[in-house]
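Chemist: Residues per chain, in single letters:
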Amino acid sequence: MDAKEIIARRVARELRDNTLVNLGIGLPTLVARYVPEGMLVAFQSENGIIGFGARPPEGMEDPNLTDAGGGFISALPGAFAFDSATSFALIRGGHLDMTVLGGLQVDAKGRLANWKVPGRMVAGMGGAMDLVAGAKRVVVAMQHAAKGEAKIVPELTLPPTAARPVSLVVTDLAVIEPTADGLVLRERAPGVAVEEILAATAAPLILPDTIPEMPL
Amino acid sequence: MDAKEIIARRVARELRDNTLVNLGIGLPTLVARYVPEGMLVAFQSENGIIGFGARPPEGMEDPNLTDAGGGFISALPGAFAFDSATSFALIRGGHLDMTVLGGLQVDAKGRLANWKVPGRMVAGMGGAMDLVAGAKRVVVAMQHAAKGEAKIVPELTLPPTAARPVSLVVTDLAVIEPTADGLVLRERAPGVAVEEILAATAAPLILPDTIPEMPL
Amino acid sequence: MRRKALTPAEAAALVPDGASVMIGGFLGVGSPRRVIDALVARGAKGLTVIGNDTGRPDLGIGKLVSAGCVAKVIVSHIGTNPVTQQKMLAGEMEVDLVPQGTLAERIRAGGAGLGGVLTPTGLGTSVAEGKQVVTVDGRDFLLETPLRADVALLHCYEADYYANLTYRLTAQNFNPVMAMAADIVIAEPDEVVPIGVIPPDHVRTPGILVTHLVERPQ
Amino acid sequence: MRRKALTPAEAAALVPDGASVMIGGFLGVGSPRRVIDALVARGAKGLTVIGNDTGRPDLGIGKLVSAGCVAKVIVSHIGTNPVTQQKMLAGEMEVDLVPQGTLAERIRAGGAGLGGVLTPTGLGTSVAEGKQVVTVDGRDFLLETPLRADVALLHCYEADYYANLTYRLTAQNFNPVMAMAADIVIAEPDEVVPIGVIPPDHVRTPGILVTHLVERPQ
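Sequence order for the protein chains is X, V, R and Z.
Residue numbering for the first sequence follows my numbering, starting at 1 and increasing by one per position.
Residue numbering for the second sequence follows my numbering, starting at 1001 and increasing by one per position.
Residue numbering for the third sequence follows my numbering, starting at 2001 and increasing by one per position.
Residue numbering for the fourth sequence follows my numbering, starting at 3001 and increasing by one per position.
Keep in mind the hints are simulated off the structure, nothing from the lab.
Every value quoted in this text rests on a predicted model; they were computed, and no experiment measured them.
Please note that a few of the clues may not be correct.
To be verified - In the SDA-like style, the derived pairs of lysine to any residue whose C-alpha atoms are separated by at most 20 Å in a straight line are:
1. Z:3072 <-> X:121
2. R:2072 <-> V:1121
3. Z:3072 <-> X:122
4. R:2045 <-> R:2004
5. V:1136 <-> Z:3148
Assemble the whole structure, with the sequences as input and the hints as a guide.
Modeler: This is the structure in structure tokens:
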């Protein structure tokens, strides 16, 4: 199982029945593949649809039906299409049970940075700032480190996406929960030792008595 | 021709081709009867439709299609139905070319009062405050006096509907235009002398050299 | 979520005495008549009702006023209901009057997570009393704050069993904004259709906002 | 008003060099492609473009960026267009980044006559720099001001000859709010239908907002 699959499978465990969930573009979209059997989750794509499904068969794509990354999707029975003002009224208004976002950095206070690397890469925040400000739960899905550099850091060195802390961070090595006391190491990836996680993490981690392996 | 018909016919002369117009409930709704031949005016009813027509024949009414006074109406080809937020976005956003409202008082500054008589009658402002704040032109259609009491007064004694002055006042006796210098008497009703208008008006009126009869 | 349709009485039982309740409709058009009748039958008490108007004594929100279910109303217009006027003057019921467009925006703000909106409406009138005036680009505006409620009672035209809703002509009015601004959202449809029958572009309120669905008229 | 449909070139001629232009679409989906191509063909210059993103170098608003038509963009995302990044870093084009939900609300406010809205989005980030913070019921919000433009270029699914518009699925996005927030509003439909064919409940943008209609694709 590669790093992305580990992350996506573990994040999928955070899904709950009868909820509305937004998946950011990139890694987070993989989560939709691992919805637990029998569970009904409505996915929102912030470009304007709730209740979308997989890419249609070749030749049956509709240029007016895409996800937020521009990929073709299908509409499930009971889908709802809407404009951008409505989309973000749903997001900002607290009607979204969970959002899953990619991350460049998370710091000891649980703050996320994911839209800009000054002087190098400016993606823009897109919907991320609204999602972090408004969703009931914010789950960050990201690789634990990038090119050997820790992404979980004492203090953000990149521009923050919001002042509000995220709810949970899921990486290929660990599940980490930001709390008022600091970052708590909740779970290890299969076969990963706590020492390995500590070595790959620049921020201090609080270690509970038991740190089980992730259920995947 | 009775007082109401005079007022409605004269206000109808203010209609322009290809415009969006809101008619307040009561006297202003009569204006729709006198749209000049060949002119296309879209009427908005603030409860949620643009492009409505007359009451349908007996037995063909729809309980979900009414005007702001609760009366049955019909939908013309090309009509648009909408919710209250959209309705007032159109009104407040300056998309309405003209509104015609009833009035209790207008003062020398052109300010309108039309929603409350303290201690006696509280109708509520309904959409009137938004209409006066947002419409490009605000025309007041009212009887010149009520039970012998002047309704055009030096200073409002009733609670104002807005700080913004109205554009024109049309009564059964006169057409009066609020200007920066004060109220200007523009026209007389057929057969009505200037002296008669002055006697029925408590606010000072500016008298131009010629004060023609209203075209009806 | 698939939703079992409730009877109007079951729906009315979800509205606690003393609750704040948004009720869709404009002079009763687009109001949930069956749930209103069930609230009257139940003898609901002490409600704060947010809506466009208080209808007429035997119409729309007016039925609740006449039956003594209402402690306070937040509405734009009471001119068509003399019972409201009497109760207000007698001090039996509180009346908070809000310009119609401001009412729609305040409810929308409550559902959209906005802290408020700036409007020119009401400047220089009694509506401005006690409110903050904010200047933007040299123009003054009133700061109007969000409105939310414990319960929203909606009328709609069609619903499917996800509670996706459509509205009809002028019966739409306040229903869509209210659907976003309450903790419990109860929709009373004229017709219930299978999931998948309403095209995605025709849905006006998504089922994820609606917590309870009332059965179609029997 | 009944509207004669224009060719894309005639529509592009209505957009002056140096104008501020709102353009509907999300990564090109729901963008008025034929009018964009006509603007490129005309060699438009110095535009300030307001939209969700700058598409890709050969897609959506990106075509205007690549062709050098654009002096400034006000968008939420540029990550899919390296040409935008290059021009920004080279100082050839100004980029103003706005959170997507804030962008939608600012445009809506511009069209709805609001002086601004209060949002929690952007608090504690660089988006808050230079903006007023307003406290409502003990919570902080950013004051975000309205956006309007000289011209709005929309894509729609159907239009009738009053220019009543419908949109389709995710091609709706920013088009409806932009329709309310510009002096000149040009709609590019996939299909033009007779007046009266679109039911009143299915119209999403009324023709009274649309000043010019583009012909259906030939």
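Chemist: Quick check: which numbered hints come out false for this structure?
Modeler: Failing hint: just 4.
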